[in-house]
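Go ahead and model the full structure; you've got the sequences and the hints to work with.
2 protein chains.
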Amino acid sequence: MSFTKLDDLGRKLEALEHAQSMLGVDEAVQMPSGGGDKRAEAMSMLAGMYHEMAAVPYIAEWIADARKEPLSDKQKTALNEFERNYINRTCLSSDFVRRQVSARVRSEQLWRELRSSGNWKDFLPAFEGIVNLAREEAQLRAEVLKLSPYDALIEQFDPGSRAADITPVFTELKTFLKKFIPEALAAQNERRAKHPARPFNAPFPIEKQKALGEAMMKAIGFDFTHGRLDVSHHPFCGGVPSDVRMTTRYTTSEFLSSLMGILHETGHGLYEQGLPKEWAHWPMGKARGMAAHESQSLFVEKQLARNPAFWEWAMPVVREYLGAGAIAGWDLDDILAHVHRIGRGLIRVDADEATYPLHVILRYEIEQQLIGGKLGAKDVPEIWDAKMREYLHLSTIDNPKDGPMQDVHWPSGAFGYFPSYTLGAMMAAQQWAAVERENPKVSDDIRKGNFSGVNDWRRKNIWSKASTLSTPELMHAATGEALQAKYFTEHLEKRYLA
Amino acid sequence: MSFTKLDDLGRKLEALEHAQSMLGVDEAVQMPSGGGDKRAEAMSMLAGMYHEMAAVPYIAEWIADARKEPLSDKQKTALNEFERNYINRTCLSSDFVRRQVSARVRSEQLWRELRSSGNWKDFLPAFEGIVNLAREEAQLRAEVLKLSPYDALIEQFDPGSRAADITPVFTELKTFLKKFIPEALAAQNERRAKHPARPFNAPFPIEKQKALGEAMMKAIGFDFTHGRLDVSHHPFCGGVPSDVRMTTRYTTSEFLSSLMGILHETGHGLYEQGLPKEWAHWPMGKARGMAAHESQSLFVEKQLARNPAFWEWAMPVVREYLGAGAIAGWDLDDILAHVHRIGRGLIRVDADEATYPLHVILRYEIEQQLIGGKLGAKDVPEIWDAKMREYLHLSTIDNPKDGPMQDVHWPSGAFGYFPSYTLGAMMAAQQWAAVERENPKVSDDIRKGNFSGVNDWRRKNIWSKASTLSTPELMHAATGEALQAKYFTEHLEKRYLA
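One line per chain: the protein sequences are A and B, in this order.
Heads up: the first sequence at position 373 corresponds to 373 in our numbering, and the numbers run straight through without jumps.
Heads up: the second sequence at position 481 corresponds to 481 in our numbering, and the numbers run straight through without jumps.
No wet-lab data here; the hints were simulated from the structure.
Some clues are possibly wrong.
Stretch by stretch, here's where chain A covers chain B in the computed footprint (C-beta under 8 Å, at least three residues) [unchecked claim]:
#, segment
1, 32–40
2, 217–226
3, 254–268
The list that follows gives simulated cross-link-like pairs (lysine-lysine, DSS-like), each with its CA atoms no further than 30 Å apart [claimed, not checked]:
#, chain 1, residue 1, chain 2, residue 2
4, A, K486, A, K387
5, A, K208, B, K174
6, B, K5, A, K5
7, A, K210, B, K208
8, B, K374, A, K12
9, B, K174, A, K12
10, B, K174, B, K5
11, B, K277, B, K74
12, B, K210, A, K210
13, A, K12, B, K12
14, B, K12, A, K286
15, B, K12, A, K5
16, B, K210, A, K208
17, A, K121, A, K486
Not everything, but these chain A residues come out facing chain B in the computed CB check (under 7 Å) [stated by the list, open to error]:
#, residue
18, H18
19, S21
20, A28
21, P32
22, G34
23, G35
24, A42
25, R228
26, L229
27, D243
Note that beta-carbon positions come from the ideal geometry of N, C-alpha and C, so glycine has one too.
Quick look at the structure:
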């Protein structure tokens, strides 16, 4: 049976993924510095073995033969997703991939070297090479996938999402935000005038913050028999669905940045833990993509954990774990003053939920032009500055470090990735609206620290679906409609203007 | 170039070994319980891939072709060791290996289930199967390797060691110990009568013990940029030479068991860290085998860390890390009363350095007869009891749990492994004697906490040699003579009778 051969291959690939994933976690969490060279060598060898195994031509024959076998509907879906993966993996020649990997590694290294000094001029030649290769890749993929070049790149991160659908939603959102942000900032200033934000009663010992974070993870549904929380320089959610490894980093001067980070990663972790186990070794059994994943982390972070109802439950929990003095005398408004703080800034990763989409839309608009050849790599700083001034009233023209040099994505060759962040944020808001439609009292549950209802909804509509549907299909099946900007904009209005 | 093909293959195999080793470490140190099933699946898949890659028939052609290529002496040695490995890996049929693995897994599981109740009767049928398969394996290997069946098994753990060389040394040692142990116990009783052992001033907090252990590891030469110390249920030294992962476990009631365990594992760790890096991906670049490895751990634990000179340096270090009260008022004899405690016991892993060899020789004698067919599996408890009574004046006839059911080796099918422990102990003593011949003042160095001399000697004579020599050749090259019992017996006399 060819289907069985694919099933066996899936188990081998799963074992290699397991090894790669866990070696990556160990590298960030446990590995001493001197272990890096051999680790990098091992990881690159394993990646090579994976590609060799996953891209051999006879897999195409197995897929074709399996189509003639009597398969259940589930097996047919599994086969389709396997084929989609196989086509995406094999539509670039080995020679092209080698050239691209080598250029990406050099460009990313150069970027790490030049970023802190904002040396765009010396970075530009490498970046031009990366853009040219990305255009070439987009063209090669577009021909095989019968998509536009930019859509062919988005497809790598977010199967089924197309610029033609994204652009109108992003445009609506952009128009909204340009008007909304000044209003929200004015409202915030009014609130602050009446009720200044209290400073944190620091220090907050790391051990206590860890206990608090773990208690909240557990309350929100994270299964510690299939996962753990560690420390790393850059927080992430890694590992495998049966053993989800989350990390955070702590500062003792306040507790919210680590806690919110933990809750964000917990959203990713719950998605992984909620994937259907019997299909774990098939592409169909894995999480749908970047936007879907981000929708789950943002659902927990923004829809749940920045919800005022959440803090009615959470404030006593904070006091229990950090001590009564931690937020002594604080009321709900005091904590929300920190949890809901917004402001314009240059850096995407530091942005709040209101300004973040403008950082993303700016990149989305620029990378579309870059891939489409309408913009040259050398012109990025000017257009970045112009859009930044238009969207956030800030200039980066003399500051490429905090402008186009701030993110690793482009220097490492990832184009088509950025929209996922804001698609995820909108999906999360739309999912929350659907949950509220189904259970108008859901905020009362949150207020009591009861998350089983929202988890049941997400398990049924998102997690258990894994990769059986494209991202837009997944959203439509879960919420009854295509992705809308309005749930996200209504969410912002309710939270920041009310 | 076929040599280059083997070199490339070596790098792939090294990456898989790296993954397997680190996944094993993670399993013992970090993994949550629910991750076990998928981890086991991944490990078994990776082991299968490793075997597939390392045992394909065309490797034999590559080896033969490489012999015709112009090779340096080092490359020739590398090729020889590659071939030795390949032959040992491929001299059993896949069908036989499958049968054996399945029997071993079942037998080991059954042993885990029945050991605590000492249910030998229900374990016997599985054990008979294991013994039969071990005999079959020994026969199959013996034909290919042109060795006696038992030697063919020893060869898997200790390349080059032969029963014909081991037996006379073990016999001399056994004769010595049967006379020595009563004398040493009498001497110990006399010392104790004059100077009773002081109790530990417990508790010793784990964090402080960890700091002490790490300080001693560092002093002894362990490189923390290429390794670390963690906690696991069973202490081990794992990882890879560029990233050595050691573990210990702590009890707060005393500090010596963990510290001595750490120092033992540090000996393994130094060997791994000292292997030549450029050959890390060839069998020639790996540690020589079980006896050589044990010689390095026992060198650190018994020759260095139980040396009275060591404690002149170490007592202030203990006070520095555990606090002045930890061994308040203790003098050298007080600590040595604990460090040099000996006694007869039933359990090998709990035995001291004087009685340990008798546990090993007992097993060596029995397993030779088992493999040779001169003894049936069912007769093991009787002969075990008879030898135990003769060697250590203890009976196990009504207590198979603490007799032949105490070790995992036989239930898991490892025959020919046990002699390594005592070969290692004798090798360590002989190496120490060679170091002392070269530098008669070496104990003065130890007294000052200066271990660079002993490490230089071992780096030059043991670590850097990796697997370029067989175990007996390695010993001969390092110490100028074949393995002798006398250095070990003199060491015991000096330490316990003086």
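Each hint tested on the structure:
1. Counting residues of the segment 32–40 of chain B whose beta-carbon sits less than 8 Å from any beta-carbon of chain A gives 7, enough to reach three: the coverage restraint holds.
2. Here the segment 217–226 of chain B counts 4 residues with a CB under 8 Å from a CB of chain A, which clears the bar of 3, and the coverage holds.
3. Residues of the segment 254–268 of chain B with a Cβ under 8 Å from some Cβ of chain A number 0, which does not satisfy the need for three, so the listed coverage is violated.
4. As the CA atoms of K486 of chain A and K387 of chain A are separated by approximately 23 Å, the hinted pair is consistent with the 30 Å bound.
5. Among the hinted pairs, K208 of chain A with K174 of chain B is inconsistent with the structure: their alpha-carbon atoms are about 57 Å apart, more than 30 Å.
6. A threshold of 30 Å between alpha carbons decides the hint, and for K5 of chain B with K5 of chain A the separation of about 29 Å falls inside it, so the pair holds.
7. Our distance criterion of 30 Å between C-alpha atoms is met by K210 of chain A and K208 of chain B, whose separation comes to about 21 Å.
8. Annotation: proposed proximity of K374 of chain B to K12 of chain A is violated, straight-line Cα distance about 44 Å (limit 30 Å).
9. For the proposed pair K174 of chain B and K12 of chain A, the alpha carbon gap of about 50 Å is over 30 Å, so the pair is violated.
10. Taking the CA atoms of K174 of chain B and K5 of chain B, the gap is about 48 Å. The hint is violated against a cut of 30 Å.
11. Between K277 of chain B and K74 of chain B the CA atoms are separated by roughly 14 Å; this keeps the pair inside 30 Å, and the hint holds.
12. For the suggested pair K210 of chain B and K210 of chain A, the alpha carbons sit about 21 Å apart, so the restraint of at most 30 Å is met.
13. For a cut-off of 30 Å, the pair hint linking K12 of chain A to K12 of chain B stands: about 16 Å separates their Cα positions.
14. Proximity of K12 of chain B to K286 of chain A is assessed by CA-CA distance (about 27 Å); at most 30 Å being required, the pair is judged to hold.
15. At roughly 24 Å between alpha-carbon atoms, K12 of chain B and K5 of chain A fall within 30 Å of each other, so this suggested pair holds.
16. A hinted pair counts as satisfied when its Cα atoms are at most 30 Å apart, and K210 of chain B with K208 of chain A qualifies at roughly 21 Å.
17. Distance hint between K121 of chain A and K486 of chain A is unfulfilled; the C-alpha atoms sit about 41 Å from each other, more than 30 Å.
18. Annotation: H18 of chain A was flagged as interfacial toward chain B, and the flag holds, the nearest CB pair being 4 Å apart, inside 7 Å.
19. Against a cut-off of 7 Å between C-beta atoms, the interface hint on S21 of chain A is violated, since the closest Cβ of chain B lies about 10 Å away.
20. Because the closest C-beta pair between A28 of chain A and chain B is about 12 Å apart, greater than 7 Å, the hint is violated.
21. The closest approach between the C-beta of P32 of chain A and any C-beta of chain B is roughly 5 Å, which is under the 7 Å cut-off, so the hint is satisfied.
22. Interface restraint check: G34 of chain A against chain B, minimum CB-CB distance 4 Å, threshold 7 Å, status holds.
23. Hint status for G35 of chain A relative to chain B: holds, with the closest Cβ pair at about 3 Å, below 7 Å.
24. The restraint placing A42 of chain A at the interface with chain B holds, with a minimum CB-CB distance near 4 Å, inside the 7 Å limit.
25. Proximity of R228 of chain A to chain B holds as hinted, the smallest CB-CB distance being about 5 Å (cut-off 7 Å).
26. Annotation: interface hint on L229 of chain A violated; nearest CB of chain B at approximately 10 Å, more than 7 Å.
27. With a cut of 7 Å, the hint placing D243 of chain A at the interface with chain B holds, because the nearest CB-to-CB distance is about 3 Å.
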